[in-house]
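Given only the sequences and the hints, what does the whole structure look like? Please build it.
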Amino acid sequence: MFVDRLLAAALCGFARALTGVRALWLGSEPDARPRVYFANHRSHGDFVLIWASLPPPLRRRTRPVAGADYWLTTPLRRFLINRVFRGVCIDRRPGRSGPNPVAQMGEALAAGESLILFPEGTRNMGDGLLPFKSGLHHLAKAHPEAELIPVWIENLGRVMPKGSLIPVPLLCTLSFGPPLAPVEGESREAFLSRARSALLDLAPPAD
Amino acid sequence: MNASHDLIAVFGGIFGLLAVFSLIGAGLKYRVARGQPHGVIDNLNARIKAWWAMIALIGAAIWIGPWGVIALFAFISFQCLREFISLTHTRLGDHRALLWSFFVFLPAQYWLIATNWYGLFSILIPVYAFLLLPISSSLGADTTRFLERAAKVQWGLMICVYCLSHVPALLTLDIAGYAGRNMLLIVFLVLTVQSSDVFQYVWGKLIGKRKVSPAISPSKTVEGLVGGVLTSTAVGAALWWITPFTPLEAGLIALVINVMGFFGGFVLSAIKRDRGVKDWGAMIEGHGGMLDRVDSISFSAPIFFHIVRYWWVA
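Residue numbers (the numbering used here), protein chains in the order written: chain S, 633 to 839; chain C, 75 to 388.
Don't read these hints as lab results, they were simulated from the structure. Here a beta-carbon is modelled for each residue, glycine too, at the ideal position from N, C-alpha and C. Treat the hints with care, since some could be wrong.
Claimed, not checked - With the C-beta cut set under 7 Å, the calculated list includes, among others, these residues of chain C facing chain S:
| id | residue |
| --- | --- |
| 1 | Gly99 |
| 2 | Leu102 |
| 3 | Lys103 |
| 4 | Ser160 |
| 5 | Leu166 |
| 6 | Leu172 |
| 7 | Leu173 |
| 8 | Ser210 |
Said to hold, decoys possible - Estimated spans, in silico, between C-beta atoms of each pair:
| id | chain 1 | residue 1 | chain 2 | residue 2 | range |
| --- | --- | --- | --- | --- | --- |
| 9 | C | Asp348 | S | Ser766 | 50 to 56 Å |
| 10 | S | Met757 | C | Ser212 | 15 to 21 Å |
| 11 | C | His112 | S | Arg715 | 46 to 52 Å |
| 12 | C | Val387 | S | Phe646 | 58 to 64 Å |
| 13 | C | Ala356 | S | Pro689 | 19 to 25 Å |
| 14 | S | Ser825 | C | Trp185 | 51 to 57 Å |
| 15 | C | Gly193 | S | Asp663 | 57 to 63 Å |
| 16 | C | Asp348 | S | Gly753 | 33 to 39 Å |
| 17 | S | Ser766 | C | Leu173 | 46 to 52 Å |
| 18 | S | Pro687 | C | Phe177 | 32 to 38 Å |
In structure tokens form, the structure reads like this:
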């Protein structure tokens, strides 16, 4: 337990030193109530950075949602995701037979914890945002008490792009937006596109 | 008088002035703001506090000696390049070029100062980085806005590394009758140009009315510019005794580097406005990023270096 925490703190410290990460709270404040932080996904370091920019007391209660097909494949990854990051590992394959991912995520919210979710479903190697998967919608319907906070992660994809071994020490900024307001009777498509544009609103202008 | 006496005198003077400014800042906070939050006064006090730290850091580097100064400016370059590249868009294909910039060209440039290899120091980035980095980027096989990306990386290296490295490079100049005193040239340059920034801010706050160019900088005023440059030119002339210059020469040189320094801040403001930000970063409280603090030095250091090298080095 102690080693897990120490490792988590060391990884956060390393991520902060490498990226000089700065959190901008634009319309929300750090808060202990159950939340779903949903963010753009470019790098495996994404959730470490969100974690590192939360105040330490909130960090232990905020769990990343991670793909079991990646994180449970080697002993090291298993140790990191289960013990150090306390991730919620879900099975992303379409014809899965195991536990329902939405139920797994819901358990954490019901226990008063928060989640970090990447609704694009995979790392995006291009610009902008991929279309959102429907998990965020199911989660929002099942847990209306949880706040949905968009988080735009700027630059981390450039610090350590896929396939590179050495990181470039660029500065990263995390923009935490206002919670997504609930809308009665909204269709799934309308909800997902609204969530997606709320996240895109936080992105700096493309040039 | 020897160099360390002069350094102690100058730094003693600066710390004395800072103490006076800190008292004025505390007085303003107490009398004008009555202890309540006040945008301008709180920013002023944050700036003064940061000045204590920055002057102490430069003083410590000078006390350590040439290696201390070279290491300090290498770190400043590193932080500036970080801030610059973070705000300019590069693509995945530039990753290797960026690694080269941060981990090869930046250290090499400062290593060349330490080994006193002027020939390569003066062409490493303008020639070799200029040719090699686009080659590296082209191997990334991504043609989207290629020229623009290559230009931005090169520009960042020139401003943040090449130009700034001319400050510690002053230590390598061999000036007749000035041996062992080159540290004081750095003090002259940094003090004159930074005091110009400070006086522009002060004059601008006191009597500033007409904006120089609202499109580029909402805070720079004609009154601040003229008052600041003239005041710090007087500061430069008054510092003639730590330089190899006569008072008149010191004043003229101060005028040139102050004008260059002003335009350094101006040009980099234009880039910031284009990117839609106010500051390059948030490293130094009250000032913004590192590049916000040294933009004026970046533009004045090479010119100062060349003036001294052309007219004073035998």
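Hint-by-hint comparison with the structure:
The interface hint given for Gly99(C) is violated, since its Cβ lies 26 Å from the closest Cβ of chain S, which is over the 7 Å cut-off. Hint status for Leu102(C): violated, given a least beta-carbon distance of 29 Å to chain S, over 7 Å. At a threshold of 7 Å, the smallest CB-CB gap from Lys103(C) to chain S is about 27 Å, leaving the interface hint violated. Contact between Ser160(C) and chain S, as hinted, is supported at the beta carbon level, the nearest pair being about 4 Å apart and thus within 7 Å.
The beta carbon of Leu166(C) is positioned within 7 Å of a beta carbon in chain S (closest approach about 5 Å), and the interface hint is therefore held. Taking 7 Å as the C-beta cut-off, the interface hint given for Leu172(C) holds, the closest approach to chain S being about 5 Å. Proximity of Leu173(C) to chain S holds as hinted, the smallest CB-CB distance being about 6 Å (cut-off 7 Å). Against a cut-off of 7 Å between C-beta atoms, the interface hint on Ser210(C) is violated, since the closest Cβ of chain S lies about 13 Å away.
Evaluation of the 50 to 56 Å hint for Asp348(C) and Ser766(S) yields a failure: the beta carbon distance comes to about 39 Å. Distance hint check: the CB atoms of Met757(S) and Ser212(C) are about 20 Å apart, consistent with the given range 15 to 21 Å. In this structure the hint that His112(C) and Arg715(S) lie 46 to 52 Å apart at CB holds, the actual value being about 49 Å. As the Cβ distance of Val387(C) to Phe646(S) is approximately 45 Å, the hint placing it in 58 to 64 Å is violated.
Taking 19 to 25 Å as the suggested C-beta distance range, the pair Ala356(C) and Pro689(S) conforms, at roughly 23 Å. Our hint of 51 to 57 Å for Ser825(S) and Trp185(C) holds, since their Cβ atoms are close to 53 Å apart. Hint check: Gly193(C) to Asp663(S), Cβ distance near 60 Å, so the stated range 57 to 63 Å holds. In this structure the supplied range 33 to 39 Å holds for Asp348(C) paired with Gly753(S), their Cβ-Cβ distance being about 34 Å.
Between Ser766(S) and Leu173(C) the C-beta distance comes to about 39 Å, which lies outside the given range of 46 to 52 Å. Taking 32 to 38 Å as the suggested C-beta distance range, the pair Pro687(S) and Phe177(C) conforms, at roughly 33 Å.
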